[in-house]
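Novice: Each chain is listed here by its residues.
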Amino acid sequence: MVSKIKFFEINLETKEECDIIDITNKIKETVKTSGIKNGLINIFVPGSTGAVTTIEYEPGLLKDLPAALERIAPSNTYYEHEKMWHDGNGRSHVRASIIGPSLTIPIKDGKLILGTWQQVVFLELDVRPRKRSLVLTIIGE
Amino acid sequence: MVSKIKFFEINLETKEECDIIDITNKIKETVKTSGIKNGLINIFVPGSTGAVTTIEYEPGLLKDLPAALERIAPSNTYYEHEKMWHDGNGRSHVRASIIGPSLTIPIKDGKLILGTWQQVVFLELDVRPRKRSLVLTIIGE
Amino acid sequence: MVSKIKFFEINLETKEECDIIDITNKIKETVKTSGIKNGLINIFVPGSTGAVTTIEYEPGLLKDLPAALERIAPSNTYYEHEKMWHDGNGRSHVRASIIGPSLTIPIKDGKLILGTWQQVVFLELDVRPRKRSLVLTIIGE
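First to last, the protein sequences are chains D, H and B. Every position in the first sequence, counted from 1, becomes a number in our numbering once 11 is added. Every position in the second sequence, counted from 1, becomes a number in our numbering once 11 is added. Every position in the third sequence, counted from 1, becomes a number in our numbering once 11 is added.
There could be a bad hint or two in this list.
[What the hints assert, rightly or not] No more than 25 Å apart at the CA atoms, straight line, and that leaves these computed lysine-lysine pairs for BS3-like:
#: 1; chain 1: H; residue 1: Lys-48; chain 2: B; residue 2: Lys-15
#: 2; chain 1: H; residue 1: Lys-94; chain 2: H; residue 2: Lys-17
#: 3; chain 1: B; residue 1: Lys-119; chain 2: D; residue 2: Lys-39
#: 4; chain 1: D; residue 1: Lys-17; chain 2: B; residue 2: Lys-119
Since the hints were made in silico from the structure, they are not lab data.
Bound conformation, chain D alone (with noise of 0.2 Å):
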């Protein structure tokens, strides 16, 4: 069978600093819509303080993570960032280059290849609150 590429998009509006939102329902929306049913899908941040990983969504988890971003870039240290925009988010910018923009996840059979106590999301690393639009990508048949 001939590939197909197709787009779309997930829009979120996050809250706070260290928001992580649980974007694999629509993603699954976004594979069942496709009509692909072999393939890539790729979520992709466009953006420099935000970030998509996976991780088992609990309230708990929610916490750890920020925390041991706080130990790879603390809140309470000076970021040579600052100097050329003064907004305060110099860490914001090195934890979303260390954890990454883009997710790559098979789809087989029509469904979304992920573990069970495992979500996709997307994680706002940003000082503030923002508005952000993830770009999908699915290569498949």
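Following the hints, position chains H and B against chain D.
Specialist: Relative to chain D, chains H and B alone:
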């Protein structure tokens, strides 16, 4: 030529926390079996306490990488995740989210593109031995 | 339409540890050269002491990101990797494994999808200057 999509699995039994398993040869065999000469292979970990990356597979780094994960998400700190499950693997989830569950590598002229000293590894981040099934998706021609 | 797969290379000479090189324009030129209008581009680092991610490319963050890498894998600690090679780059390997060697970005209507302040960067994590050849794989139509 027309692109093909093929799926494969790698089944592993891990022995302990921070077991790092070299899956390079299994991936190379899968590429050969697939018959796909040019394209991309995606390695995906269904599960929220495992991760995939590359490393030079030698005994020293198998200790050095876990030491860095201890800095990011230490063993001897409290995790809110504990409230949900009481299974002592809060750090496992946090580490897995940061490294990530997905890796995509080019296949060119029938060969997996890797550096001379670069191996593909599965990281068992859970605190107990696990059976793991990784999903390999090859797209190409 | 039928999907195509095309390969390209980006050749770099890095100057020092934590050299962060903006490869966005080279990637955009490659996308244009490929003639592929819709699809995905994968940027892959063959090698275990380099990594690829995105960041807002401004002088402050080029210091802030290395500072975070120092927290994850400090310069002034002992690495078991030293026993194997005595080349003082244990931290380089650890940092590269955590950030990762692979990044996938959508191409839509002939354009690379990126945020306004988001650039694609190669991170030289080795402790000495290196020649690097990154592999770009474009799949699409």
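Novice: Quick check: which numbered hints come out false for this structure?
Specialist: As far as the earlier hints go, only 2 is violated by this structure.
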